[in-house]
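Protein chains in written order, with my numbering: chain A, 1 to 106; chain B, 107 to 274; chain C, 275 to 894; chain D, 895 to 1371.
Just so you know, the hints here were simulated from the structure itself, not pulled from any lab data.
Virtual Cβ for every residue (Gly too), placed ideally from N, Cα, C.
There's no promise every hint is true.
Claimed, not checked - Pairs of lysine-lysine residues, derived as DSS-like cross-links and limited to a Cα-Cα distance of at most 30 Å, are as follows: (1) A:K93 with D:K999; (2) A:K105 with B:K130; (3) D:K1334 with C:K435; (4) B:K270 with D:K1247; (5) B:K270 with A:K105; (6) B:K130 with C:K872; (7) A:K93 with B:K130; (8) D:K1049 with B:K270; (9) D:K953 with A:K105; (10) D:K1330 with D:K1263; (11) D:K1247 with A:K105.
Stated by the list, open to error - Distance ranges between label pairs, derived from CB positions: (12) C:R863 with A:P94: 51 to 59 Å; (13) C:E389 with D:L956: 55 to 63 Å; (14) C:E389 with D:K1334: 18 to 26 Å; (15) C:H726 with D:E1335: 38 to 46 Å; (16) B:V201 with D:S1167: 25 to 33 Å; (17) D:Y954 with B:G117: 42 to 50 Å; (18) D:L1340 with C:D490: 51 to 59 Å; (19) D:L1356 with C:E774: 55 to 63 Å; (20) A:R91 with B:E231: 24 to 32 Å.
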Amino acid sequence: MDISFDAIPLAHYLLLSATLFVIGVMGVLMRRNAIVVFMSIEIMLNAVNISLISFDRYLNQHDGQIFSFMVMCVAAAEVSVGLAIIIALFRNKPTVNLDEFNIMKS
Amino acid sequence: MELLIFYPLAGLCVIFALGVVFNKNPIGSAMSLIAMMLGLAGIFVLQQAHFIAILQIIIYAGAIMVLFMFVIMLLNLKGDDAVWKKREKNTLLTVLTGLLIAGVLYKVLEITSAGEFDSPAHVLETFGTVREVGTILFTEFVLPFEVASILLLVAMIGAVVLAKSKVD
Amino acid sequence: MFSYCWIILFAPIAGFTILSWYGNRMSRERVGMFGCATVGLSFLVTLVALSELLLDAEKQKGAVSTLYNWVTAGSFSLNLSILIDPLSVFMLLIVTGVGFVIHVYSIGYMREDPEYSRFFAYMNLFIFSMSVLVMAADFFFLIVGWALVGLASYLLIGFWKEKTSAVLAARKAFVMNVIGDVGMIIAAFMIFDHLGTLNFLDVFTLAGEAFRPNDDAILLITLFLLVGAFAKSAQIPLHTWLPDAMEGPTPVSALIHAATMVTAGVYLVARCHVLYELAPYTMYLIATVGVVTAIFAGSMGMVQYDIKRVIAYSTMSQLGYMFLAAGVGMYSIAMFHLMTHAFFKALLFLGAGSVIHGSNDEQDIRQMGGLRQAMPITHITFLIGSLALAGFPLTSGFFSKEAIIINAYHSDMGNIVFWAIAVLGAAMTGFYIFRVYFYTFVGQPRTSVHAHESPPIMTAPLVLLAFFSLTVGFGGYMVDDFLATYFGMHMPHPDDPVFETIGVGAGLVGIAAAIVFYMTGKDRLEFIKQMLAPVYDLLFHKYYIDEIYDYLIVKPTRATGAFMEEKVERDGIDMAVDQVGTQVREVSRVISLWQSGKVRTYAFNMIVGVVIILMFVVFQ
Amino acid sequence: MEPIPAPSIDLVSLAPVLVLTVFGIMVLVTDLFIGKNKSALVFISLTGLLMAAISSLAKYDLPVYSFNGAYIVDHLSVFFTFIFCISSALAILVSIDFNQREGIKVGEYYSLILFCTVGMVLLASSTDMIMIFLGIEIVSICLYVLAGIRRNDPKSNEAALKYFLLGAFATGFLLYGMALIYGTTGSTKLTIIAEMIREGSVRSEPLMLMGVVLLIIGFGFKVASVPFHMWAPDVYQGAPTPVTAFMAVGPKAATLAAFFRVFAETMPEISPSWGILLYILSVLSMFIGNLGAIMQTNIKRLLAFSSVAHVGYLLIAIIAKNSLGSASLMFYMLAYAFMIFGAFGIVILIGRKGDENLEIENYSGLAYKHPILALSMTIFLLSLGGLPPLAGFVAKFYIFSAALKEGFVVLVILAVLNSAISFYYYLKVVVYMYMKEPIKEFNITLSPMTLFVVAIALFGTLHLGIFPGPIIALAQY
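Work the whole structure out from these sequences, hints included.
Right, here's the structure in full:
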């Protein structure tokens, strides 16, 4: 059975993807909590996944799904390292407020 | 039919994404993020990407978010982050991100009107199944798959090096 | 062919290397001997090359000796090579010859200095750099030499690093030189862009076909080259570093800031005369700037009290004459004046050095006086140098300067205005140098410091240079013949007795004016009795003429000079240069402030960049 | 069900990656069995790097594509593999004494450097966007960890955090760009993308261009070009000095190699659209980098800003997009490796335990106490500035020639102007070393390994400067 997809043009998915990406960017800019900033970055990655998978559906191939699979891998890797950094940081200075980390500046 | 599913799901995703950004409590943010990811999984299903949808739930909503929650709990973070502490700067930021949004949306709408991407391809029923994705993963994309293992190894080493408690 | 000429380069760089590593462990005599020997060797090799050129007219077309191919990029390659032709050998003779004499003099002058070996190391480095500059076979190595002499000059001006003014002067000279270097580099890129080569011989062959006269391209190229030339030769408006450079040791002033480095700009114009001939507008500019610098610097020289600064301004002024000559197309006359000037100006600086040395590091001429008896050899040689500078008949300066002045009017590109200003400048020259002479050597000692004559190692070079200052003028024809192959023409000898007489007279009038104003009492009477009785009678019949002159000429002149120095130089040009520095630092500070240390600021800036780029693409 | 077709696998092509991975794991395992003395690990790591370099020559008759066109062994990748092995080896050598002095006793340090090298090799050899993405991530994650490896040092922590957050942020952009390019060309393989662009059969030109722009942003961050450079000074300052040197060379070279592949080799047809952006980034990087460096008082920050400026020069090679451009990129990175490791080697030597002496004024009077160190530092700095006849000059010369060949005269003139500006701050350090009185005692332990690195770097800087012919011939091959 063929599935028809006439109802939703690709652009809607791309729009959703772009919107989520921008929300992620806003989160990075606005929040001071390192962990929330980090979560916002995850939103950005997820937004890209939507694009990849929508393109796949449109192009009738699986490369994008492989790509998004790899993105998940990378996200997992980044999360583990990133949270480890935050934990190491927290040991020396018990805060996750990004504005308090500015020993180094010109 | 798809429209009926897509728009509510998309709306929920956007709302939860905003929830991540505007929630004062990190735990609330994390919960919103999980909800958003589940919503995205729904959208993936809608696009026939069953395998990825499942991975989305298992890896993201499952593993990654659990790690987040774990760290938030471990560090015992409270909602100490006033989002709008510095008004003037944030206004500027908002204006700029607004510009960014305008730029991106403008671009996307332009594409839409160009009509290049109007009709999606007709795909087989097997599209996006584990078998299909797995086949291509182990043939055409076998190298990235293997390299991903190095990546995860590195991440593991890194996490251990940075977070282990013994101080030397 | 000419591969032995590499010795000219290797000897001084070897000297530099050895002296900077082992100099501290060598005895002072050894250091001095060694430092001079390397330059002497270069000089001897230059003589060999000269004889080869003279004996075989065929070789005067020039030959390139290549050591090896350095880098190749596509069709373009850079070879490590030197060009030996009459022009480069001519310059080398001055560089190594005068350089050698000044090295010998330095043995005596720097005797007391604790960092004797460092001084000779730097001096050798300078000789090496200057040799690179004049022997370069392409624009690339020309620029390398150009930058290297700037570096050597920086090191030598700032040699006494505990002296703040010296360090500041060194920095100023360096900055000015870098401005020039950048101009040269831009010019080189443009040449490469248009002709696809940087090699002198190729460039000059191709230029004639590639450019039409006064093309935009050739005008820009020549102008950018000129930025380099003017910066190096201290022409307006890039001149302010030269007077300050006098903070360095006197032999340095003699070698770098009189005889050799500052003449590099003139050499550049002469070397690239093919290009300049394609750009008559630029030639006109050269002549104009030259002649303006000549009187501008002359007028400033008249009001200075530091003996070295007077001579420094005089150097600027004489360089202006050289540019005037080059600008009106009389390259070999420019080179001729370059040579005579190298001798008598080196002589004057070394004489000044001897004076400073003999009177316990005093540089203010008002504190000197009556050194005639105490320093007889210095006195005589300085007088000879002054006469040559003023263009006193039959001294070397007379021949070269006369040729310039007369050609400023008679050459195709000359005109009466150039001539008139040049004559005025000649009068100023006579005036300011004899002002110094009288202040220093004539009259009564003004302080109780007991002056003494310098040791023979210092006076011998003076005598040698004095001899040449008197005699080289007669070699004008030889110089002309020798360089004619390169410039493709002989220098003309316009026959115009009236203008010539006025030219000669101007210098004499200047001298006379100095006598009038600066000889006092007994000395003046004595001197006048001996030498200029008729003029004295004429001018000094009544004593109040003094006052009239004072009001009509001296005070206005002095005021102009002071004004020039105050307003134009300090407030105008120096300010501009300072402002550039200040603004650069200000920008740098802003960039640093931007680096606030906060991640969110950084992310924010990234997004600003992203947004701007996206907008750029979206609305393109 | 039809059987799954066998994948195309070419392990010989992958030899350096495999060798490095195996040795990386070997280091990890060995670390469990040895005590505090980590010299065995150093030995294993260096052997691994040497073998990886040799094994990169296993393929001849280049270029060879493998893994369905995801991986290539060509001249660029082999040359860069050598650069990576050299720079990683220098980084390890320079770390030995430093780690001992500063008490970094983490065996994983060496394996992370090896894994990072794996990532770099992959990055330089990949012709698939997925692979490039994974390569960048392997390299980045290793660097995040290495930057923060001094866990008790707040500066190191902070550097890791800043680098990590901004790096992950930039990854988002990079990824988005890749997604858009994938969507509009229908493939992640660079060869197919190139073909689509050549034939003009890209689905949506504007969307594709947006992808390209986002890609530039992502790459721009990874190589620290303005305006995405702001992490560099802080991270360079906070990271342990050997890591700083390491990240200034290897990862940057790898990213530039990928940058060159993606832009100059894959999409030369649409170069006007990305060329102008790179042009602007290049000019901004040069100016902001050089002007920013002038006021710095910390030597590591100064070198960080100077590296931003160097990225500006290097981008010119990509803008030039010709074969001379790739050759000059290779030569430049090799020369840069020597200059940077030389300079940082001396920075490490000047430091002491507990007092790293990173302020420029701490270099006052070095020339009197240690003339050879001062002279070496002078040579490295002047070479970074581009003084003939040193390596930095020849490197710049080739990049500028490549650009001139394509007619970018103004860009080259701006670059030369910037080189002139850069001398201002390089010479500032030299002036401190030669013309100022020491402000405190130098208490330098001349650790042999670091000296060895400085000696190699000195040799490299001089040799590449005076006799560049053979190496440039190899690069142009």
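For each hint, the structure was consulted:
Using a Cα cut-off of 30 Å, the hinted pair K93 (chain A) and K999 (chain D) holds, with the two alpha carbons roughly 23 Å apart. Our distance criterion of 30 Å between C-alpha atoms is met by K105 (chain A) and K130 (chain B), whose separation comes to about 29 Å. A threshold of 30 Å between alpha carbons decides the hint, and for K1334 (chain D) with K435 (chain C) the separation of about 19 Å falls inside it, so the pair holds. For the suggested pair K270 (chain B) and K1247 (chain D), the alpha carbons sit about 24 Å apart, so the restraint of at most 30 Å is met.
The suggested pairing of K270 (chain B) with K105 (chain A) holds, with an alpha-carbon distance near 29 Å, which does not exceed 30 Å. About 21 Å separates the Cα atoms of K130 (chain B) and K872 (chain C), which keeps this hinted pair within 30 Å; it holds. Of the supplied pair hints, the one linking K93 (chain A) and K130 (chain B) holds, its CA atoms being roughly 21 Å apart against a limit of 30 Å. A distance of roughly 19 Å separates the Cα atoms of K1049 (chain D) and K270 (chain B); the hinted pair therefore holds under the 30 Å criterion.
For the suggested pair K953 (chain D) and K105 (chain A), the alpha carbons sit about 47 Å apart, so the restraint of at most 30 Å is broken. In summary, the hint linking K1330 (chain D) to K1263 (chain D) is supported, as the alpha carbons are separated by about 12 Å, within the 30 Å threshold. Note on K1247 (chain D) and K105 (chain A): the hinted pairing holds, with a Cα-Cα distance of about 23 Å set against a maximum of 30 Å. Taking 51 to 59 Å as the suggested C-beta distance range, the pair R863 (chain C) and P94 (chain A) does not conform, at roughly 34 Å.
Judged by the Cβ atoms, the range 55 to 63 Å given for E389 (chain C) and L956 (chain D) holds: they are separated by roughly 57 Å. Judged by the Cβ atoms, the range 18 to 26 Å given for E389 (chain C) and K1334 (chain D) holds: they are separated by roughly 23 Å. For H726 (chain C) and E1335 (chain D), the Cβ-Cβ distance of about 44 Å falls inside the hinted range of 38 to 46 Å, so the restraint holds. For V201 (chain B) and S1167 (chain D), the Cβ-Cβ distance of about 27 Å falls inside the hinted range of 25 to 33 Å, so the restraint holds.
A beta carbon spacing of about 59 Å between Y954 (chain D) and G117 (chain B) contradicts the range 42 to 50 Å that was offered as a hint. Our hint of 51 to 59 Å for L1340 (chain D) and D490 (chain C) holds, since their Cβ atoms are close to 58 Å apart. In this structure, L1356 (chain D) and E774 (chain C) meet the distance hint of 55 to 63 Å, their C-beta atoms being roughly 58 Å apart. For the pair R91 (chain A) and E231 (chain B), the supplied restraint of 24 to 32 Å is violated, since their beta-carbon distance comes to about 53 Å.
Going through the hint list in order, the structure does not satisfy hints 9, 12, 17 and 20.
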